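One-letter residues, chain by chain:
2 protein chains.
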Amino acid sequence: MYRVIKNEGAARCGELSTVHGTVQTPAFMNVATQGAIKGAVSAYDLKDLQCQVQLCNTYHLHLRPGDKLVKELGGLHRFTGWNAPILTDSGGFQVFSLASLRKIKEEGVNFSSHIDGRHIFMGPEESIQIQSNLASTIAMAFDECVENPAEYKYAEQSCGRTVRWLYRCKDEMERMNALSDTLNKKQLLFGINQGCTFDQLRIENMQKIAELDLDGYAIGGLAVGEPKEDMYRIISAVEPYMPKDKPRYLMGVGTPGNIMEGVGRGVDLFDCVMPSRNARHGHLFTEEGIINLNNAKYEKDSRPIDQTCSCPTCRRHTRAYIHHLIKAKEMLAMRVCVMHNLYFYNTLMQKIRDAIEAGTFEEFKRNYSEKYDTRI
Amino acid sequence: MYRVIKNEGAARCGELSTVHGTVQTPAFMNVATQGAIKGAVSAYDLKDLQCQVQLCNTYHLHLRPGDKLVKELGGLHRFTGWNAPILTDSGGFQVFSLASLRKIKEEGVNFSSHIDGRHIFMGPEESIQIQSNLASTIAMAFDECVENPAEYKYAEQSCGRTVRWLYRCKDEMERMNALSDTLNKKQLLFGINQGCTFDQLRIENMQKIAELDLDGYAIGGLAVGEPKEDMYRIISAVEPYMPKDKPRYLMGVGTPGNIMEGVGRGVDLFDCVMPSRNARHGHLFTEEGIINLNNAKYEKDSRPIDQTCSCPTCRRHTRAYIHHLIKAKEMLAMRVCVMHNLYFYNTLMQKIRDAIEAGTFEEFKRNYSEKYDTRI
Numbered sequence: 018m019y020r021v022i023k024n025e026g027a028a029r030c031g032e033l034s035t036v037h038g039t040v041q042t043p044a045f046m047n048v049a050t051q052g053a054i055k056g057a058v059s060a061y062d063l064k065d066l067q068c069q070v071q072l073c074n075t076y077h078l079h080l081r082p083g084d085k086l087v088k089e090l091g092g093l094h095r096f097t098g099w100n101a102p103i104l105t106d107s108g109g110f111q112v113f114s115l116a117s118l119r120k121i122k123e124e125g126v127n128f129s130s131h132i133d134g135r136h137i138f139m140g141p142e143e144s145i146q147i148q149s150n151l152a153s154t155i156a157m158a159f160d161e162c163v164e165n166p167a168e169y170k171y172a173e174q175s176c177g178r179t180v181r182w183l184y185r186c187k188d189e190m191e192r193m194n195a196l197s198d199t200l201n202k203k204q205l206l207f208g209i210n211q212g213c214t215f216d217q218l219r220i221e222n223m224q225k226i227a228e229l230d231l232d233g234y235a236i237g238g239l240a241v242g243e244p245k246e247d248m249y250r251i252i253s254a255v256e257p258y259m260p261k262d263k264p265r266y267l268m269g270v271g272t273p274g275n276i277m278e279g280v281g282r283g284v285d286l287f288d289c290v291m292p293s294r295n296a297r298h299g300h301l302f303t304e305e306g307i308i309n310l311n312n313a314k315y316e317k318d319s320r321p322i323d324q325t326c327s328c329p330t331c332r333r334h335t336r337a338y339i340h341h342l343i344k345a346k347e348m349l350a351m352r353v354c355v356m357h358n359l360y361f362y363n364t365l366m367q368k369i370r371d372a373i374e375a376g377t378f379e380e381f382k383r384n385y386s387e388k389y390d391t392r393i
Numbered sequence: 018m019y020r021v022i023k024n025e026g027a028a029r030c031g032e033l034s035t036v037h038g039t040v041q042t043p044a045f046m047n048v049a050t051q052g053a054i055k056g057a058v059s060a061y062d063l064k065d066l067q068c069q070v071q072l073c074n075t076y077h078l079h080l081r082p083g084d085k086l087v088k089e090l091g092g093l094h095r096f097t098g099w100n101a102p103i104l105t106d107s108g109g110f111q112v113f114s115l116a117s118l119r120k121i122k123e124e125g126v127n128f129s130s131h132i133d134g135r136h137i138f139m140g141p142e143e144s145i146q147i148q149s150n151l152a153s154t155i156a157m158a159f160d161e162c163v164e165n166p167a168e169y170k171y172a173e174q175s176c177g178r179t180v181r182w183l184y185r186c187k188d189e190m191e192r193m194n195a196l197s198d199t200l201n202k203k204q205l206l207f208g209i210n211q212g213c214t215f216d217q218l219r220i221e222n223m224q225k226i227a228e229l230d231l232d233g234y235a236i237g238g239l240a241v242g243e244p245k246e247d248m249y250r251i252i253s254a255v256e257p258y259m260p261k262d263k264p265r266y267l268m269g270v271g272t273p274g275n276i277m278e279g280v281g282r283g284v285d286l287f288d289c290v291m292p293s294r295n296a297r298h299g300h301l302f303t304e305e306g307i308i309n310l311n312n313a314k315y316e317k318d319s320r321p322i323d324q325t326c327s328c329p330t331c332r333r334h335t336r337a338y339i340h341h342l343i344k345a346k347e348m349l350a351m352r353v354c355v356m357h358n359l360y361f362y363n364t365l366m367q368k369i370r371d372a373i374e375a376g377t378f379e380e381f382k383r384n385y386s387e388k389y390d391t392r393i
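Protein chains in written order, with the numbering used here: chain S, 18 to 393; chain H, 18 to 393.
The set of hints was computed from the structure by calculation and includes no laboratory data.
No experiment lies behind these values; they were computed from the predicted model shown.
It is possible that some hints are incorrect.
Just so you know, same-sequence chains aren't split out, so a pair can sit in one copy or run between any two.
Claimed, not checked - Quick list of in silico lysine-lysine cross-link-like pairs, DSS-like style, CA-CA up to 27 Å:
| id | residue 1 | residue 2 |
| --- | --- | --- |
| 1 | K55 | K344 |
| 2 | K85 | K317 |
| 3 | K187 | K203 |
| 4 | K382 | K346 |
| 5 | K245 | K64 |
| 6 | K85 | K346 |
| 7 | K382 | K245 |
| 8 | K88 | K344 |
| 9 | K388 | K203 |
| 10 | K88 | K64 |
| 11 | K55 | K346 |
| 12 | K388 | K23 |
| 13 | K64 | K263 |
| 14 | K85 | K344 |
| 15 | K368 | K382 |
Construct all of the structure, not just a fragment, from the sequences and the given hints.
Listed below in structure tokens is the structure:
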């Protein structure tokens, strides 16, 4: 299912085969929280943006329109019109960040919907059932994502529970995949490593979950408040214990620099709302660094956002026009900016893959990881 | 420049040749107020929507980003990326509807910008200079649009002034088109018939402005508060006095039914914010009538908005998905709905042209003019 094609140090490029198509890794997954990329970008646009994987959020889709309805309509692929791999998160992250009146117990979590206050219970079985209804390509295990910095005692306790939940997720996934009316009977399950910023806890947790021989492994609970040095240290500490023949996913990360550092430490998959969110505020990634198109200096700038970029936006529109659209509060501003930033991320991953294949990734990272993260 | 191809009663189909391409009439002009269609639709999308003419608003573009800046950047075509005809209105309508502290005198109008309160003066010369800077294909004469119902005395007075302004517009247009640094030296000028709902005033006004031998004639000051019967009566009254060999434009109109009634009375060009505005609220035109996608009954509806429609939205998305996008407040909802409604309008015009060519327009109008305007 996953095949490493080439290594350069810990960095690797590879191929993840799924029932919905093959993903060239390292890859960035484009976040379509509610079944659509924010900023009026559709699944049909994603093809022009070199996107390989669409990521949808289980919590949001469970609340609205409801996973049963999505199932009735043929699953997320039919619903959104995306015919390539989709990853759904477990809902855990949002339960812990968005929902209110949260109560965690061994079975799962009781919480109130952030939309209408409705009481909902979600445990490992519910999360997997919902993801099975959504019929994503890859489902994520239901976990607790603890904010950093955390107390060691709580982190250890939470970690233990998340491992027990993982066993239940695996059982439930096997059960769901065997049901005759399940839409995607080959749904994959990724486990999630937790343990906050405690190296030993992270390692022990990774060793435990590696035993389950899942389809892939994620590192969760990073980029949630800790300094990036801690994040990099944890990835380096955990990586040797992650199965080499399984894809590795660093959840919710990050800036172009973060991604390159992750790849350099052996990570294959990433996701982050940053490119689309920043774009909606006029902050655009370019070969030279990050520009802010709100700035008056772009008022008469007839160049594209990035002169080296071939995205639909850069092929068509000038900085001056987009600056005007932002000032005029035209929705089109968000769309063209989001398209540019996603294309930047997706083609960055292509450049990373090419560099690993050519054995020049370290050099590429040295040249660009800081540059791409810098506001100019 | 304008050639009638076929008549059916007063209805006619024809061809308007301009320096930016040929327009098949009757045509609907798609409104891109600030240089972009509201709802994240770009000039590049308009081609897929069968749009022939983009309409931009002089008042808005003068205020932001400024017509001099647009000129510096190569004019509206380069600025928005639209390489077919563009019509700009004169700014008059917005001066009278949006601006505050308005003071009309013989020279023109003093007013305050609705954006920042800045004092601005606009008269016929200024309006034409701005439109020349924007470099649209067709410029509109600067007029006063009086709200209905109006006092006869005021209507008569205003009408007289608008005629005097028209002479000044024509002179200024000739002057601008002769300047060496004018971007579009073949900019066309349309005059505007006014006179509120007073038939005789309208006719006399039309006779006077017809003498100027302009490139086209519009009927303005309708669809501004009067019953539609009054609107139809005025069009019928004025039409015999409009030059047969010039395109006729009914400003700011209207529903599909209004458009068909206008065509039946000899009108060639239309514009209206209705299709895009209604779309942004989830109200969609279909072959069966107008549907409201906010409605819960569409929650599980896996059909496209209109089963007979080939627009990008109907080829891709279900009512259920779009209903979800609306409920989830995803910007993509507006984009796909606006695209559908504009396509509906633009292809309606194609159907009207085909019907006139086939001599079946009256039948077409009888069958559809009420149906298309009805909420179902």
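Taking the hints in turn, this is what the structure says about them:
{"no.": "1", "hint": "K55 <-> K344", "in the structure": "both (19 Å within a copy, 14 Å between copies)"}
{"no.": "2", "hint": "K85 <-> K317", "in the structure": "between (51 Å within a copy, 11 Å between copies)"}
{"no.": "3", "hint": "K187 <-> K203", "in the structure": "within (13 Å within a copy, 71 Å between copies)"}
{"no.": "4", "hint": "K382 <-> K346", "in the structure": "neither (36 Å within a copy, 39 Å between copies)"}
{"no.": "5", "hint": "K245 <-> K64", "in the structure": "neither (32 Å within a copy, 46 Å between copies)"}
{"no.": "6", "hint": "K85 <-> K346", "in the structure": "between (37 Å within a copy, 20 Å between copies)"}
{"no.": "7", "hint": "K382 <-> K245", "in the structure": "within (16 Å within a copy, 67 Å between copies)"}
{"no.": "8", "hint": "K88 <-> K344", "in the structure": "between (41 Å within a copy, 18 Å between copies)"}
{"no.": "9", "hint": "K388 <-> K203", "in the structure": "neither (41 Å within a copy, 48 Å between copies)"}
{"no.": "10", "hint": "K88 <-> K64", "in the structure": "within (24 Å within a copy, 35 Å between copies)"}
{"no.": "11", "hint": "K55 <-> K346", "in the structure": "both (16 Å within a copy, 10 Å between copies)"}
{"no.": "12", "hint": "K388 <-> K23", "in the structure": "within (26 Å within a copy, 63 Å between copies)"}
{"no.": "13", "hint": "K64 <-> K263", "in the structure": "within (26 Å within a copy, 45 Å between copies)"}
{"no.": "14", "hint": "K85 <-> K344", "in the structure": "between (41 Å within a copy, 17 Å between copies)"}
{"no.": "15", "hint": "K368 <-> K382", "in the structure": "within (10 Å within a copy, 57 Å between copies)"}
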